[in-house]
Structure formats: C-alpha cells, structure tokens
Amino acid sequence: MCKLNQKLIFLPFLNMPFSSVSWLGFISFGLISLGTPNVFAQIDDTDDFGPLLQLQGSLEDGDPTLSNGNLYDIYLFEGQENQTIKIDLESDIFDTYLIIQDSSGSRIIENDDGGIGSNAQITVRLPSDGQYQIIVSSYNIDEQGAYRLTVFEATQEELSQSELQAEAAMFLQQGIQQYHSSQYREALQAWERALNISRSIGDFQAEAAVLGNIGIVYQSFGDYEQALDFFGQSLAISREIGDRQGEGIAFNNLGLAYDNLGQYQQAIDFL
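If you're matching positions, the sequence shown starts at 1 in the working numbering and goes up one per residue.
No wet-lab data here; the hints were simulated from the structure. Hints may contain errors.
Computed beta-carbon distance windows for the label pairs [as the list claims (entries may be wrong)]:
hint	residue 1	residue 2	range
1	Glu81	Gly105	16 to 26 Å
2	Asn82	Gln265	58 to 68 Å
3	Ser181	Gln226	27 to 37 Å
4	Glu81	Gln56	28 to 38 Å
5	Ser58	Ser160	26 to 36 Å
6	Gln265	Ile93	32 to 42 Å
7	Gln189	Arg244	27 to 37 Å
Glycine included, each C-beta is placed from N, C-alpha and C at the ideal position.
Please model the complete structure; the sequences and the hints are all you need to start from.
Printed below as a string of structure tokens:
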C-alpha cells in the first residue's frame, strides 16, 4: 500500500476562480487588508502588439502583509466588461504569487506557477466594467525582492487554453478527493482525464504532476513496476522544464517505490 509520506502533487498554479474549488494543499492567504495602492493604471487597449501595462517593483520590508505574514504590493487598474487580459508576474529571486480582486476586495482568481518556472501567470475575462486590484505577493513567507509585472491583451487561444487548464484542474481535484476516500480507480479515471487535457495543451508542469499522482494510485494497487514507470515519466518532464520542486517529489516517490519492491540500494539512490 502507499506509504503516508508519499507525495501527492496539488496544483495551485492553475488559473481557477477562487470560489469554484476548495483546494487541498492551497496556500492560505486569509482576508486581505489593503494598503495604499502602489499604482493606479488605466489599461490601454489601443496598442494591438505591446503590453497594456508594464512595471517593475520590489517586495521589501515595510510593505503591508497578508494574514499569513507574506509581503504584498497592490496595483489598481480600470478594466472593461469581457476584456480578456493575461498578467505575468516574474521574479528571479522569489516564487511569485498573483491575486486579482474586484473593487470590493472579492477574490476573482489567483495563481502560483502558471508561468515559466516559479513565475505566476493569469489569463482572465473581466466580468464587468470597473476597478480591479492586482495583488503581487510571494508563495513562501519571508520572501522578498524585485519583480516584473506585465499585462497583455489575451488572445482567444490563450483564453481557451486557460479554460482547459481549469478543466484539467477540476479533474485533478476530483481525483485527490477520491483518492483520500480510498476510491482509487475513480481517482485514476479522473487523473487520466486531467492528463489527456494537459497533454493536449502542452502544459508540461501539470502533466508531470498528474503522472506522479497516477503513479501513487498504482502504488496503492501494489503495482510497483507500473508506479515506477509513471514516476520516471514525471521525473523526466520535471527535469526537462527545470521544475526543481517537481523533480524532488518524483525522486522521493521513486525511492519509496523501490523500497516497497525491496530494492533498497536503488531506494537509497533516490531518497
């Protein structure tokens, strides 16, 4: 059977409306007490090619903090109903976390690693005319440093991909709930659907995560050879895209699978 310290991978990095899914393993930000906005920006949609908004900032001592202690900056912008935008939050120093709220402070969408590596990215269709808040923060507490925030007009293709990512995330979440209810075959079916969607849109980080979870199901079935195959696929993709966290989880899972097979030397090599 699967050991308790086997690593299920959760995906808080997908573009999901906050109210639609209760995420397992989701970072808890709590309620946000908004400080003074850093910038009020009018989103300019007259340029068909360049970014609508581009700026550099820094999380630093003295910035307001979320209820969990993470520093944050806030930027306000005016948006239009049905306007589709893509927001990139990048940093070479810390793992970025991005939140979009409406003028009342209600959270619309949030994201951890939707961009390249540990960078956050959100693609969203704005629900109404009015003012919106971009919350720039870090995934881990006590992280700070320089970042780049860029807003683009999103294409229909990018919006469609975001919607497919959300669908894959829903199947992933469904599988997690089923797994924890010992409904292993149902979890496997849900994760296979998530895997197919992730592969269809080239979401390699999600693909690696789901492959690892599928391996854990086979571990639960006692099919360790099949589990090793899926863990190996997860490791290969994580290495290819430079996902060090995913690589570490895959190493841990491979070590535990070899341990269950009684191949202790191989287990030591991974654990």
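The hints, checked one at a time:
| no. | hint | in the structure |
| --- | --- | --- |
| 1 | Glu81 with Gly105: 16 to 26 Å | 19 Å, holds |
| 2 | Asn82 with Gln265: 58 to 68 Å | 59 Å, holds |
| 3 | Ser181 with Gln226: 27 to 37 Å | 22 Å, violated |
| 4 | Glu81 with Gln56: 28 to 38 Å | 29 Å, holds |
| 5 | Ser58 with Ser160: 26 to 36 Å | 34 Å, holds |
| 6 | Gln265 with Ile93: 32 to 42 Å | 39 Å, holds |
| 7 | Gln189 with Arg244: 27 to 37 Å | 30 Å, holds |
Violated hint: 3 only; the structure is consistent with all others.
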